[in-house]
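Engineer: Sequence:
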Amino acid sequence: MLVDRRGLTKKLHGLSHRLKQKKPIDLSLAKLAKEIERSTHCYQQRQSNRPQPSYPEELPVSGKRHEIAEAIRAHQVVIIAGETGSGKTTQIPKICLELGRGIAGQIGHTQPRRIAARSVATRIAQELGSKVGEYVGYKVRFSDQTKKEGYIKLMTDGILLAEIQSDPLLLAYDTIIIDEAHERSLNIDFLLGFLQQLLAKRRDLKVIITSATINTERFSEFFNKAPIIEVSGRSYPVDIHYRPIEGDEDDRDRDLPQAIVEAVDEAATVDPFGDILVFLPGEREIREATEALHQHAMSNTEVIPLLSRLSPAEQDKVFQSHRGRRIVLATNVAETSLTVPGIRFVIDSGLARISRYSARTKVQRLPIEPISQASANQRSGRCGRIAAGICFRLYSEESFNNRPAQTDPEIRRTNLASVILQMSNLNLGELSSYPFMDAPEKKAIADGYLLLEELQAVDNNKKLTPIGRKLVRLPVDPRIGRMLLQADSERSLHELLIIASALSVQDPRTRPMDLQQQADEKHRLFADPTSDLLSWLKLWNWYHEQARHLSRSKLRKLCHDRFLSYIRLREWHDLHGQLLAIVREMKMKPNSEAAKPDAIHRALLAGLLSHVGLYDDEKRNYMGARNLRFSIFPGSALFKKPPKWVLCGELVETTRLYGRSAAAINPAWLEELAPHLIKKSYSEPHWSSKRAQVAAYEKVSLYGLPIIGRRLIDYGPVDPVVSREMFIRHALVQFEYRTPGKFFAHNQRLIKELEKLEAKSRRRDLLAEEQVSFDFFDAIIPDGIYSGKLFEQWRKQVEQKRPKLLYLDKKDLLHSDAKAISSNAFPDYFRDGKLQLKLNYHFDPTHKADGVTLIVPLPVLGQLDASRFEWLVPGMLEEKLTLLIKSLPKATRRNFVPAPQFAQAAMESMVFGKGELLERFAQQLARMTGVNPDREEWNPEAIPSHLKMKFKVTGESGKMIEIGNDLRALQTKYAENSRQSLQAIDTVQMLEREGITRWDFGDLPESLSTTRQKLQLQFFPALQDHGQSVAIRIFESRHEAEQVMRKGLRRLFMLHLHQQVELLKKNTPQLQKLTLRYALIGDPATLKDELIQAAFDKIFMTDPLPRTTSAFQDRLDRGRPKIVTEASRLADNVTAALIAHTDLVAALTAVRSPQLKLVANDITRQMERLIYPGFIAATPAQWLPHLPRFIEAARIRIAKAGRNLKQDGQHAEAVERLWERYAARLESTQKMKGDSESIEAFRWLIEELRVSLFAQELKTSTPVSLKKMESLWQALK
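For the sequence shown, the numbering used here assigns the number 4 to the initial residue and increments by one for each residue that follows.
These are calculated hints, taken from the structure and not from any lab test.
Predicted model only: the values in this text are computed from it and were never measured.
Fair warning: there could be bad hints in the mix.
What the hints assert, rightly or not - The calculated lysine-lysine pairs, modelled on BS3-like cross-linking and capped at a C-alpha distance of 27 Å, are:
id, residue 1, residue 2
1, Lys541, Lys560
2, Lys851, Lys745
3, Lys599, Lys643
4, Lys644, Lys525
5, Lys841, Lys917
6, Lys1160, Lys1203
7, Lys25, Lys14
8, Lys962, Lys759
9, Lys759, Lys807
10, Lys851, Lys951
11, Lys1050, Lys1091
12, Lys976, Lys1234
13, Lys814, Lys792
14, Lys1234, Lys955
15, Lys807, Lys745
16, Lys37, Lys25
17, Lys525, Lys473
18, Lys34, Lys23
19, Lys23, Lys37
20, Lys917, Lys889
21, Lys1050, Lys1068
Construct the entire structure; sequences and hints are all you get.
Structural biologist: What follows is the structure in structure tokens.
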């Protein structure tokens, strides 16, 4: 058997190969021998059981059976052309059987239709004297009546195509008969091309092509000039009678049943018992004609429909014997292979439903259209078998002559997308290389593939997708099929069946040129303002509602009045029914609840993705797919208010390109429905710490139309490599991320610590570059980790075994020379007693915080000593000193070259933070070089801002109030705020008191501490003089507290000794004389108070001042008996000083010598600093008794100066230099609110020096000289 030969041959070759390898083959050979024996036995049995055919002599083909048999025997392919009724369909299989074909394999016999396959199988079986399924069987969809033992197998061409997939060499057959090849359906063309390729591989295969006498030469050429045998057809003449139906399309449709009745009546005049075959385009027309014939009075007449949808039993009625007249109403199924017996008359409507692809609507349609001349002749040939026949053509002879000679091959009128789908499903290879008789153009093939890609039916490799495999099973246009599949998932199948069938027929709404306005007005009833496509639903519902209540004639009239084509509405209805049957066969169930408009439009959009448009406001039209430009059709409900995005059921080009059946759509649907078509571009990838992923802006377009202009998306899946790099760099290296992982806080602390070192040292080369950290993570983190979510999943898993895997190591991140940077050189905190303030370092010359900044809470602002911060921090001092040297005038600066070495040496010899920086520095420079820069020579303003301490004043919440370089200015500006902040502290509030006249408050501490906002604050309580009382006040500055304390304590002593004070205020003769002399100097009214205060200062205000009750009382007790005596003694001293001053003034006034005038002027300046209004209170009590001596020394000087003016001048200059230093230092100290006590002592030593230089005979209270004074000054500095 053929089916066994290939397998047996392969096994035999395998055994031969094993034998050559000297391997045992006995068992396998025995098994193979049995298989050969079984196959041979089967062959012999089939040969012995072969039926012996006989041939009806009345059939024309019987007369040529010997010629046909010889041709089949001699050639691999034979073309047999026979007219209708020649018997070729039933007799050729028997001729092949008689030739011995059908033994090694079956005789395969294809028919274009199921009804033909079944009826032909039945006929041949009858002629061979067997039942269907024995010698002869048939196989059609849903029905298989064949056996392996059979000889002849009738089938549809689609069945044979399907078998190719499992039997690519068709080894089940030794003969293939392709019947009715002239129809040139897609399946027939597929089979012809396949067989042409197969013949070379199957030399034993016989192929017989049968056809009507149409283009037989084409078949012969296609099969390498295969022989053609022509067989005549009918034996009686057929007359053609033209009976055209007048009127327009609707009129012809309306009058068609009546025209059939009239033709039946006319036929009855010739032969009242002659059977009639009526050709109609479809089921609806058959139904209407049946109804009209039943209503027409006819006796002994049987009306039988014949169409493919009927059951086999109903179809068989046409072949059964009958009495009387029979009228068969058939579609073109009876046009060729199916011969209805006993037909005398044919009534040809001239119409048929012919599948045709509409290039305009881009949809495969099944319109009713005029048949070709060849089809008309085939129909007329169905009569004239038993007697002379008559064919009534219900169209004019002119119409016949104007029709095409033959029907186009289906491949020429089919959307090639459908062809490609079928070929892909059948595994027939590429369309472009397939041997079609009429090969399609390459552009058409490319367009077909483009459409299938649009519909998601094929992938990039042109292979069928799951959607494509579903579309193959839907025998509708791919676009319509795609809509239906989407509608099934959208639950809008009911509505889509209506709309899809509407898109597949000609628009039933008519717009006559002279009545367009009226037509539009009538059609407005069905309009939907947002969608023309939804208007189909309104029209559908309206039509079927009217059809339920109106007769056919009234419905026709109503449609005419509403400018609707009744025949197109019926055609729409019929097509809807066909689609409904198809989807039900596919187990797709229409929705029972009304679908939402969005669901309907999404389903439509799935099949019309290239029919979308974006409105161009500038050009006032739509940008369509692939650079198309179109406008909304003027009859559309959307014409006046065009939406931004639109979907069009069809694009029609007249004077311009118009979009018809338009609907507004949401462009977001395009991305959902066309993921395979949209193009995406990306820009600006960046790390998003909020999303914990790399984000980018995505632009989405379809066919060049921008669906989404700029959308933020997760860039990770788009470019995992770049996203991973950005994730590591930003999230892990630059810490732009949040994670509960402990490694993160560790790494942050480590980096901050190292960055602090850089800021402190003002270098950018201590911390290793970011690439080091990046490389660390890059080596650990696997590919594909590009977001926070993925990282956390991986981290939690890997840290279970290695918890410190992601910890950065300090030694890897820090260069070796960074070890020299110590916390001593760059402290993190400024400490003064219990006060501890944070220091921040910043290295950015462009930033206002560049350098070092002290964080100062407002309550402690007043406690800080500005001079201390001139020293900055030890690590920055050397640079500052170097730049201070460079700020000196050149003449002075050249003594300290090289500046960095002098700065370093000076710094090593100074105690950091002790004293005023410029004085200490000058002292060290003088020590090393002998050159002492004057204070005025320094230029601190030339120092860069980063070498000036910055002070960031913060409020209660830590929020910055102000930042600046001038601490004193900040202290002055915020003194009141600081005071208020200080008073808000509970400890301060508890301690402060007013109205104190007695020491009844217990001990008064020098300082007190409290913690506020985690800050250790130190404050200084003091007694403040309020005149008639004292108050306890708290001060931020120790110096300020001490100054206030001295006056307040004196007042408290005076309040305790108020009787003594009153006694001292009485006008004694001594006091009266003093008052008269003081009147020449100042206000006598203040004299008493100044003397009393001076006396109390002398007796009670020696350091240390009392701060406890016992110390105060002890000092009070000891001083009480002395105060009056001390006041009297001070009065005597002041009197003496004033007398001496009066005498000195007289002496100075008497000077006439110009040379002595210089000395007199110098002494005058000296006296102005000693005796002036308020001098008693201003002069320290211990120095008041020395004033007469200082004045007397000045008198002696003026008397002696003339003897040696040069020496006097030199002494005067030396003293003046000391005075200038003192005055500058005093001004600086007062400006900084510093302690001036030591400087004040130096001031009175200057007076003692004058005594030593100008009046040695008066002696000094302490040894003093210029050298000692210079040394003392250096010590003070």
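Engineer: Could you run down the list of hints and mark each one as holding or not?
Structural biologist: Hint by hint, here is what the structure shows:
{"no.": "1", "hint": "Lys541 / Lys560", "result": "19 Å, holds"}
{"no.": "2", "hint": "Lys851 / Lys745", "result": "34 Å, violated"}
{"no.": "3", "hint": "Lys599 / Lys643", "result": "24 Å, holds"}
{"no.": "4", "hint": "Lys644 / Lys525", "result": "20 Å, holds"}
{"no.": "5", "hint": "Lys841 / Lys917", "result": "20 Å, holds"}
{"no.": "6", "hint": "Lys1160 / Lys1203", "result": "13 Å, holds"}
{"no.": "7", "hint": "Lys25 / Lys14", "result": "16 Å, holds"}
{"no.": "8", "hint": "Lys962 / Lys759", "result": "22 Å, holds"}
{"no.": "9", "hint": "Lys759 / Lys807", "result": "24 Å, holds"}
{"no.": "10", "hint": "Lys851 / Lys951", "result": "12 Å, holds"}
{"no.": "11", "hint": "Lys1050 / Lys1091", "result": "17 Å, holds"}
{"no.": "12", "hint": "Lys976 / Lys1234", "result": "15 Å, holds"}
{"no.": "13", "hint": "Lys814 / Lys792", "result": "30 Å, violated"}
{"no.": "14", "hint": "Lys1234 / Lys955", "result": "21 Å, holds"}
{"no.": "15", "hint": "Lys807 / Lys745", "result": "9 Å, holds"}
{"no.": "16", "hint": "Lys37 / Lys25", "result": "23 Å, holds"}
{"no.": "17", "hint": "Lys525 / Lys473", "result": "40 Å, violated"}
{"no.": "18", "hint": "Lys34 / Lys23", "result": "19 Å, holds"}
{"no.": "19", "hint": "Lys23 / Lys37", "result": "22 Å, holds"}
{"no.": "20", "hint": "Lys917 / Lys889", "result": "23 Å, holds"}
{"no.": "21", "hint": "Lys1050 / Lys1068", "result": "19 Å, holds"}
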